[in-house]
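Given next are the chains, with one letter for each unit.
Protein chains: 2
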Amino acid sequence: MIFRYDFGAPLDTGAVIRHIPAEKGVPGFFDVSREGEKIRFSIALSRDDMIFGLGQNVRGINKRGHLYRSWNSDEFHHEETTKSLYGSHNFLVFRRTEGNFGVFFDDPGAVEFDLGYTSADRAVITSENGNLSLYIIPGDSLKEIVRSFRRLIGRSYIPPKWAFGYIQSRWGYASEEELRHIVHEHRSRHIPLDGLCVDIDYMEQYKDFTWNSSTFSDPVSLNRDMKEEHVRLIPIIDAGVKEEPGYEIYEEGLERGYFCKKADGSNFIGAVWPGRSLFPDFLREDVRRWFGRKYHALLDTGLEGFWNDMNEPALFYSEEGLEEAYRQMDMTKGENIGIDAFFGLRDIFGGIANSPEDYRRFWHDFHGKKVRHDKVHNLYGCYMTRAAAEGMEEYDSDKRFLLFARSSCIGAHRYGGIWQGDNTSWWSHLLMNLKMMPSLNMCGFLFTGADIGGFSNNTTEDLLLRWLQLGVFTPLMRNHSAQGTREQEIYRFGLQEDMKNILTVRYGLLPYLYSEFMKAALGDECMFRPLAFDYPEDDLACRIEDQVMLGDQCMIAPVYEQNARGRYVYLPEDMLMVRFRSAEDYDLLPVKKGHHWVDLQLNEMPLFIRRGCFIPLSRGAEWVDAVDFSSFTLIGWLDDEASYSLYDDDGCTKGWSLEAGIRRIEVSKNGDGFCARGKELALDPGGLLG
Amino acid sequence: MIFRYDFGAPLDTGAVIRHIPAEKGVPGFFDVSREGEKIRFSIALSRDDMIFGLGQNVRGINKRGHLYRSWNSDEFHHEETTKSLYGSHNFLVFRRTEGNFGVFFDDPGAVEFDLGYTSADRAVITSENGNLSLYIIPGDSLKEIVRSFRRLIGRSYIPPKWAFGYIQSRWGYASEEELRHIVHEHRSRHIPLDGLCVDIDYMEQYKDFTWNSSTFSDPVSLNRDMKEEHVRLIPIIDAGVKEEPGYEIYEEGLERGYFCKKADGSNFIGAVWPGRSLFPDFLREDVRRWFGRKYHALLDTGLEGFWNDMNEPALFYSEEGLEEAYRQMDMTKGENIGIDAFFGLRDIFGGIANSPEDYRRFWHDFHGKKVRHDKVHNLYGCYMTRAAAEGMEEYDSDKRFLLFARSSCIGAHRYGGIWQGDNTSWWSHLLMNLKMMPSLNMCGFLFTGADIGGFSNNTTEDLLLRWLQLGVFTPLMRNHSAQGTREQEIYRFGLQEDMKNILTVRYGLLPYLYSEFMKAALGDECMFRPLAFDYPEDDLACRIEDQVMLGDQCMIAPVYEQNARGRYVYLPEDMLMVRFRSAEDYDLLPVKKGHHWVDLQLNEMPLFIRRGCFIPLSRGAEWVDAVDFSSFTLIGWLDDEASYSLYDDDGCTKGWSLEAGIRRIEVSKNGDGFCARGKELALDPGGLLG
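First to last, the protein sequences are chains A and B.
When you line the first sequence up against the numbering used here, it's residues 3 to 692, in that order.
When you line the second sequence up against the numbering used here, it's residues 3 to 692, in that order.
Think of the hints as simulated: they come from the structure by calculation, not from any bench.
No false leads were slipped in.
No distinction is drawn between identical chains; accordingly, a pair holds when it is met within one copy or between any pair of copies.
Only pairs whose alpha carbons sit at most 27 angstroms apart, straight line, appear in this in silico BS3-like list of lysine-lysine:
| # | residue 1 | residue 2 |
| --- | --- | --- |
| 1 | 401 | 521 |
| 2 | 594 | 671 |
| 3 | 371 | 263 |
| 4 | 296 | 656 |
| 5 | 335 | 264 |
| 6 | 263 | 335 |
I would like the entire structure built from these sequences, with the hints used as guidance.
In structure tokens form, the structure reads like this:
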């Protein structure tokens with residue numbers, strides 16, 4: 003059962019797809035209080051209560067003990083105490099001694115989550131605008147609660163199969179020649195590769211839907227040549243549109259009144275990469291249709307995937323903000339600038355970007371009403387993603403395109419994937435990558451992954467290698483880095499052979515990973531889960547922060563500390579540890595339920611398979627289309643018979659179906675060993691231990 | 003044996019106290035190369051080699067895998083990839099398959115340590131000025147290498163015994179009344195307390211050696227009343243001297259030419275808390291004598307301790323830098339500020355503080371020669387500490403005063419302690435606190451500790467409680483926080499009872515901790531050591547990053563993760579785990595050598611005592627002077643007889659002596675139990691397990 007409670011005048015955000023009639027009265031779990039426009043929802047916590055969810059955020063899988071704020075932010079330097087990242091995912095699951103429940107705050111504005119931060123024994127959630135629908139899902143099983151929620155918000159986006167390949171990316175790829183060179187460096191060394199992301203560098207002066215004609219003179223040939231190498235090009239599209247007379251998008255948007263406007267009706271000007279820019283009002287259906295169709299010309303060049311960026315929207319400054327900053331700066335001249343004045347001085351320009359004032363300067367037309375941006379801030383990225391997705395749907399309604407974005411809220415999960423935002427080459431961000439996977443899955447975001455190796459700052463080769471060992475499992479597996487940082491392509495490092503070997507594991511596991519992804523998407527399940535979901539009675543398992551369940555068969559536990567040669571792992575049941583060095587070089591070690599130290603050299607990564615389960619391992623390949631989805635070695639620790647439901651489909655159309663896509667693999671005892679059967683499959687039971 | 007090699011024209015930094023004649027030729031361990039002024043020392047690393055040392059720095063006990071730069075910096079927001087902190091401690095210990103050695107780069111300028119960062123298999127150390135003495139200490143035993151080094155650099159600073167008590171501190175204590183209130187809140191709740199640090203707030207307009215006469219009208223009475231409560235007041239002194247006609251320090255320094263000067267001979271003006279300020283040239287003996295004597299007036303009011311701050315020196319801006327920033331800012335007006343210009347704009351004021359240009363604008367008179375500041379930058383803090391220490395020595399040569407500072411280099415360890423710099427209320431900084439302890443000890447800094455609870459940002463009550471559980475063991479145990487952050491005194495939190503109980507453990511262990519500190523100081527040993535020092539043959543132990551040896555009897559392993567209810571611990575030998583809730587409430591659990599998960603609720607902290615050893619536990623008290631140093635419960639896991647050498651002295655004079663201070667406690671089997679003997683000691687063997 004799902005209960006809905008309305009407060010104030012909730013807007014239809016588009017987050018949910020099922021209509022639930024609103025209850026009268028207030029929800030029993032919370033004390034509700036008002037303070038001006040704000041509404042506070044307060045609940046006592048016992049010492050053992052835990053809180054899951056909140057999607058894209060820093061810190062633990064258990065979110066207790068910090069203050070989070072849903073406010074989509076270009077937080078490229080996020081740390082342990084950062085409150086807001088790129089997405090706002092207001093779904094929480096409370097695991098309580100007094101009864102579990104899930105709760106979704108369907109609120110497009112700022113929402114603050116004080117989860118035992120101010121006071122260790124209380125969670126207080128505050129809607130800053132006070133207009134929201136609250137959905138409450140009581141239940142015993144955390145898995146069930148999340149499944150109910152996922153059905154409420156609708157099926158998650160499904161990308162083409164090739165998008166599960168390894169993608170190389172960098173802000174700074176400056177020309178066709180450079181891209182061709184990168185592909186050559188991968189292919190000549192047999193480093194697998196399926197995609198190349200191009201960042202803002204391909205555009206002419208950072209103008210959406212343009213190519214820099216001197217550095218990318220022939221996109222059609224480039225795309226064709228790349229595809230011959232089995233590599234897809236994936237360009238970036240930004241939210242802001244350059245103010246430039248004669249530039250088609252600008253002129254059309256201006257003429258039709260498609261950009262966000264100030265209270266006086268004039269266009270709002272904010273600056274992003276191209277400098278002064280205007281912002282399409284994606285909350286309008288006609289604007290979405292217009293912007294979505296702009297992708298068509300790019301699709302015509304053979305492109306099949308895009309990433310949308312800067313759609314919080316990021317604002318370097320506004321016209322008004324810049325003027326004010328100069329004014330304040332001028333006032334300080336000639337003063338003896340002491341402590342307070344000095345910090346103020348630094349903040350004038352340090353705080354000019356993404357300022358709360360600027361987000362109050364412009365308005366949307368949402369469902370026919372004028373709404374000030376800050377009241378619906380967290381919807382902007384979602385509706386840009388929707389514009390792109392609907393544009394592609396219109397272009398070819400049966401074809402899957404790759405689409406992932408930076409900013410999002412719940413609802414966006416139906417239109418595209420997300421990456422985990424602009425992270426840093428920090429070991430702590432490798433661990434954060436792991437922790438965010440189940441939290442995002444709960445909120446509907448299945449196609450996701452972090453910038454492997456880290457976006458800002460310089461990576462080190464051991465960090466990249468260890469991060470790849472986690473990236474092997476994330477649906478989006480992209481190595482991405484920022485201009486000005488150390489170049490991060492695998493072939494640049496002394497440890498490239500180890501890295502390449504780890505990539506073979508990705509391609510070897512691809513049939514299994516694709517199968518588990520699709521089953522999760524089509525069944526409204528989480529591909530990645532906290533151990534608490536699968537072992538609710540095991541208090542030790544419930545508090546584990548550095549291991550997560552992957553699919554129905556596996557648990558992952560990457561190494562995330564520099565110079566480590568192993569790690570501790572807690573097994574809530576007997577499992578088979580596969581210690582991979584490559585798809586062809588691995589050890590199988592049965593490990594009993596309990597605490598274990600496992601040795602893992604720098605080139606080794608573990609996968610834990612539950613006893614009684616097995617997984618199919620393919621030989622792999624250098625690109626997805628070459629992976630054999632019908633011939634497998636089976637790996638597992640079995641007592642007697644067992645089975646696995648392998649899902650597969652054509653990977654490029656939308657003709658997915660759980661019924662049609664499942665091929666069952668059956669394993670049974672055969673003397674000392676096992677024999678395996680599966681329709682149209684070649685199966686080698688050599689990796690099954692009894 | 004210690005070998006010295008000179009390069010360029012080394013300056014006498016004062017770091018070492020023994021003269022070692024310089025060798026001819028180059029040191030065998032390194033490839034040495036030059037590039038302009040720079041000298042590079044390069045050494046190949048095998049996959050298993052480890053590197054210890056580097057004192058105050060981020061990241062691991064094993065420093066391998068990062069790029070560090072010795073350049074004393076006011077880095078109040080340090081992260082995983084920060085290269086420079088407040089101190090420069092250029093001593094490294096290489097643990098190599100090809101032979102261990104220690105190396106000290108006695109270089110007062112910038113030195114870069116690329117320890118397997120650019121290339122995983124190579125360490126490259128670069129002296130930017132190329133004038134240095136290199137000391138090499140080959141050896142098998144890491145402990146021996148460090149002991150040799152410590153003898154080279156001389157005995158570590160020893161504070162008065164009361165300084166081992168709990169100290170409460172905050173930037174923001176604004177008046178006498180507030181201080182009296184804080185003491186009252188502690189005493190009335192029986193929360194132990196020995197010191198109160200006052201930050202810049204007590205001064206009149208941030209002027210050194212002044213009191214704000216309206217808020218601190220009667221320092222003598224205040225000091226007297228505090229001492230009646232057994233609390234010492236500990237004021238801050240900053241490096242910069244306010245430019246203000248009529249202000250004694252400014253006028254005297256100006257008249258006598260004691261401030262650092264620019265190339266043209268005029269005084270260098272930089273801004274710190276008071277705005278425009280001048281910087282005493284502490285590298286001159288006469289300036290040190292003058293500045294050191296300024297402490298006398300404060301000592302006359304009854305003060306017995308100080309902390310020196312801002313002595314990197316921190317520079318908010320220089321006259322010249324500010325002018326240039328305004329000029330650059332004005333040039334951007336009216337432009338369409340795109341990507342590059344925007345980041346440039348933010349950096350104009352964002353990069354104005356502590357700028358490399360400013361550190362090249364002023365000069366010192368060092369050993370009679372003019373030296374540009376950047377060439378000797380890392381000495382400044384050390385020589386300020388020395389000025390203060392020598393001033394106090396002159397005031398009363400037999401009395402111990404508390405003195406600790408922010409900035410330091412090796413050499414400063416003889417004059418005062420250091421705190422670990424302006425940290426943040428991050429769980430990762432709790433762990434960093436632990437990791438820095440052995441690294442600092444190797445470099446001579448024994449009296450040290452971090453800002454418990456975290457300086458910047460808001461703490462949470464669980465973070466403060468867990469951090470106190472580590473702080474129990476650090477010689478400097480100070481709770482400190484910044485203005486504008488959440489107030490952090492123990493009595494403000496719901497978990498205050500748990501926190502108070504943890505403090506009783508500090509006071510109960512105080513005789514043991516003081517004994518181990520004094521034995522380490524007088525014997526040139528490390529009180530805190532990596533496990534690699536004590537278990538060199540145990541490869542697992544050598545790589546442990548979250549447990550350290552404490553004294554000769556113990557190992558510590560704090561909980562440093564939010565919401566954790568325990569942690570993994572590796573025992574390199576059998577140990578007795580003491581699980582403390584308070585000095586009077588604890589469990590004793592014998593634990594066998596090997597890997598273990600240990601349960602530790604939020605109010606519980608562990609201490610591990612080596613099998614065959616025991617420690618004395620006192621009843622504790624609410625201040626140090628009330629702790630009974632002669633009556634103990636003995637705790638340990640013994641097979642037969644055992645002994646402990648308890649050091650004690652009067653704690654306030656310099657009449658320390660290992661010989662005179664040791665009282666031996668002898669334990670022997672007595673039927674099923676043990677009996678204990680120790681001259682003039684009352685001993686209860688009730689905590690000894692057989």
